[in-house]
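Q: Sequence:
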Amino acid sequence: MRSSLRIPRFEMNRCKAGTVIYPISGKYGPRLYNEIQLVLLNSGSMEVDIDGNLFKVNMGHVLLILPGQTVSIQFSKLSESWHRWVTITPMINIMEIVPELYQLPLVCTLSSSLNQLIDLMLNYQSFATTDYDSFHILGLAAIQIYADDCQNRSSSIKNPEILTVKSYIGDHLNQKINLEKLAQIANISPSHLIRLFRENEGSSPIQYLWTIRIERGLELLRTTGLSIGEIASQCGFSTLFHFSRLVKRKTGKTPTEVRALQWSGQY
1 MRSSLRIPRF
11 EMNRCKAGTV
21 IYPISGKYGP
31 RLYNEIQLVL
41 LNSGSMEVDI
51 DGNLFKVNMG
61 HVLLILPGQT
71 VSIQFSKLSE
81 SWHRWVTITP
91 MINIMEIVPE
101 LYQLPLVCTL
111 SSSLNQLIDL
121 MLNYQSFATT
131 DYDSFHILGL
141 AAIQIYADDC
151 QNRSSSIKNP
161 EILTVKSYIG
171 DHLNQKINLE
181 KLAQIANISP
191 SHLIRLFREN
201 EGSSPIQYLW
211 TIRIERGLEL
221 LRTTGLSIGE
231 IASQCGFSTL
241 FHFSRLVKRK
251 TGKTPTEVRA
261 LQWSGQY
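Residue numbering for the sequence shown follows UniProt numbering, starting at 1 and increasing by one per position.
Treat the hints with caution; some may be incorrect.
[To be verified] Straight-line C-alpha distance at most 35 Å; calculated DSBU-like pairs for lysine-lysine:
hint, residue 1, residue 2
1, K181, K56
2, K176, K253
3, K56, K27
4, K253, K181
5, K16, K77
6, K176, K248
7, K56, K16
8, K56, K253
Hints in this document: simulated from the structure, not taken from any laboratory.
Bear in mind the structure is a predicted one, so any value in this text is a computation, not a measurement.
Kindly generate the complete structure, drawing on both the sequences and the hints.
A: Laid out in structure tokens, this is it:
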């Protein structure tokens, strides 16, 4: 399901991505915002006050700040807090043009898609010849991904352990992953994790893992020139035979046939 909220393209004065590490017990604000900002917390934690509403943001989550909000942040008293951010300064009244933004959750689990986009933005803006119109589009894309994540993962927002596991799987497909490891990542028992997945995803965590592995493998077959063996390895298959067997079960075709049909325009 895609988000029903579509972010319209709007003019902006500035779009900037950055990264910073706050020391133990670091503080920020209070500050009145005129910008849209996404704060991606990669390590540490934040105790946030937005217009008098207090809540905690843990690592692996994203904080949304909008124009008109007054924000204060107390960073972790136990460790340094590393976060990356995207700030957009709009030339329009966001509350009037896109009021739906103010209905989004202020915090969402950080997805691999948003993580990768911010990586791209940080790399892209380091070039002196950056096309700023294009860069502004990337900023809008970051907001859109956040809105999609909030909408598409509503069941996982109620159970953040699910989204934590999904993000880990997406970033570690080529590694050995078992139920115990996933439960450890989610900080819950294996039986509890299985129950959450069956209730919200209709499958077990390990069934979800292999579904993602085969979907990623098929995508690489169709869109890259990597050898079938390289694809199998990157997607976490221990043998080429295992990969080929699951491709056959999923599509009725061998990996070679899937690629040949795609590249010939028949698939």
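Q: Does each hint hold? Answer for all of them.
A: Evaluation of the provided hints:
{"no.": "1", "hint": "K181 with K56", "result": "holds, 26 Å"}
{"no.": "2", "hint": "K176 with K253", "result": "holds, 26 Å"}
{"no.": "3", "hint": "K56 with K27", "result": "holds, 14 Å"}
{"no.": "4", "hint": "K253 with K181", "result": "holds, 32 Å"}
{"no.": "5", "hint": "K16 with K77", "result": "holds, 28 Å"}
{"no.": "6", "hint": "K176 with K248", "result": "holds, 23 Å"}
{"no.": "7", "hint": "K56 with K16", "result": "holds, 25 Å"}
{"no.": "8", "hint": "K56 with K253", "result": "violated, 49 Å"}
Of the numbered hints given earlier, the model fails hint 8 alone.
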